[in-house]
Amino acid sequence: MTDDETVALVERVRALEEQLRELREIEAIKQLKADYCRAFDLRDWERWGSLLTDDVYLESDAGVLEGRETVLATMSAVDASVVHNTHSPVIELTGPDTATGTWSNEDWVRLDLGGERLAFHGCGHYVEDYVRTEQGWKVKRSVERRLRVDPIEGSAALPAPPDRPSD
Amino acid sequence: MSGDPMQELRDIEAIKQLKARYVRCADTQDWEGFAQVLTEDYLFDSEGGVVQGRDHVVAMVSESLQGASTVHHVFAPEIAITGADTAEAVWPMEDYVRMSHNGQVFAFHGCGHYWETYVRTDDGWRLRTCKLTRLRVDPIDGASLPHAG
Chain A
1035 MTDDETVALV ERVRALEEQL RELREIEAIK QLKADYCRAF DLRDWERWGS LLTDDVYLES
1095 DAGVLEGRET VLATMSAVDA SVVHNTHSPV IELTGPDTAT GTWSNEDWVR LDLGGERLAF
1155 HGCGHYVEDY VRTEQGWKVK RSVERRLRVD PIEGSAALPA PPDRPSD
Chain B
12 MSGDPMQELR DIEAIKQLKA RYVRCADTQD WEGFAQVLTE DYLFDSEGGV VQGRDHVVAM
72 VSESLQGAST VHHVFAPEIA ITGADTAEAV WPMEDYVRMS HNGQVFAFHG CGHYWETYVR
132 TDDGWRLRTC KLTRLRVDPI DGASLPHAG
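First to last, the protein sequences are chains A and B.
If you want this note's numbering, it's the position in the first sequence, counting the first as 1, plus 1034.
If you want this note's numbering, it's the position in the second sequence, counting the first as 1, plus 11.
Some hints here could point you the wrong way.
[What the hints assert, rightly or not] Chain B stretches covered by chain A per the calculated footprint, using a threshold of three residues with CB under 8 Å from any CB of chain A:
{"id": "1", "region": "18-24"}
{"id": "2", "region": "84-97"}
{"id": "3", "region": "132-145"}
[As the list claims (entries may be wrong)] Covered by chain B, per the in silico footprint, the following chain A stretches (three or more residues, Cβ under 8 Å):
{"id": "4", "region": "1041-1054"}
{"id": "5", "region": "1119-1130"}
{"id": "6", "region": "1135-1149"}
No lab work stands behind these hints: they were computed from the structure.
C-beta atoms are modelled at their ideal positions from N, C-alpha and C, and glycine is treated no differently.
Just chain A, with the same shape it has in the complex:
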């Protein structure tokens, strides 16, 4: 192999390594989001909390929550049954350890707010930031933007939460 051929081959391998890294990071962030939704819906707060940065920022039509401890204390105190289905990710790597994403979201929610019962089906988008830590990718910022929210009727009582499947 000539020197030129060796140089070309090394360049090709480096380009492939970079492309492979990009695809793996995108897949890792998709899995982070899947884990985030599943842990939240199963109310596995320890796992869900492990997917957030210390300074996580969450914004929705319910307001703003900042910091992992505050977020966890607030979310775990709510009596709720929730399902979050996410679709159509657009993940962009913005640096070696940073990324942004948009997701289509659909949720079914039943809440008991001190005796006031709410049940709705909502659709919208998440706009998010991620950072890679030594423990892998984490959610740093998540902003929910609603497209529509429809009430669910006939919800006289909250259903019993499902048993969590054992790992």
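Knowing the structure of chain A, use the given hints to seat chain B on it.
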């Protein structure tokens, strides 16, 4: 058919992101962003008829959805790279639509498939054709259905 497996995976991911932008821009009524994912000769074929040309489609869709609320979800794509710069895909879809036309309110939840072709341009992958076929359409809260009968 792509002989380069890395390129094939990258192209498939790029087309998934293209489709995600298409539905997000439509639902947030970002017509500039919507136009950017289409080829100039884009052809859209739905129960509303066939419309060709990016400018025509954007004008028609943005006008008919003025004041409307739409949500489009797409799932489980089958994406095939058919040439160096061409691809096709089928996407299962569902939508929630609330719109009015000539004073009449339509509201429905629909399910079906998008059948699409794509072309790679100097600016990346673009959507060239999209045909929507329906499996079912259900009225929401007793509202009328468009294109009934």
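Against the structure, the hints come out as follows:
Three residues within the 8 Å Cβ limit are the bar, and the region 18-24 of chain B against chain A gives 3, so the coverage statement holds. Figure legend: the region 84-97 of chain B, annotated as covered by chain A; annotation consistent (3 residues with Cβ-Cβ distances under 8 Å, at least 3 required). Judged by the Cβ-Cβ criterion of 8 Å, the region 132-145 of chain B is not covered by chain A as claimed, because only 0 of its residues qualify and three are needed. For the region 1041-1054 of chain A, the assignment as covered by chain B holds, since 3 residues bring a beta-carbon within under 8 Å of that chain's beta-carbons and 3 suffice.
Coverage of the region 1119-1130 of chain A by chain B holds. Counting CB-CB distances below 8 Å, 5 residues qualify, and the rule asks for three or more. For a cut-off of 8 Å, the count of residues in the region 1135-1149 of chain A with a CB near a CB of chain B stands at 3, and the three-residue condition holds.
In terms of the numbered hints stated before, the structure departs from hint 3 and from no other.
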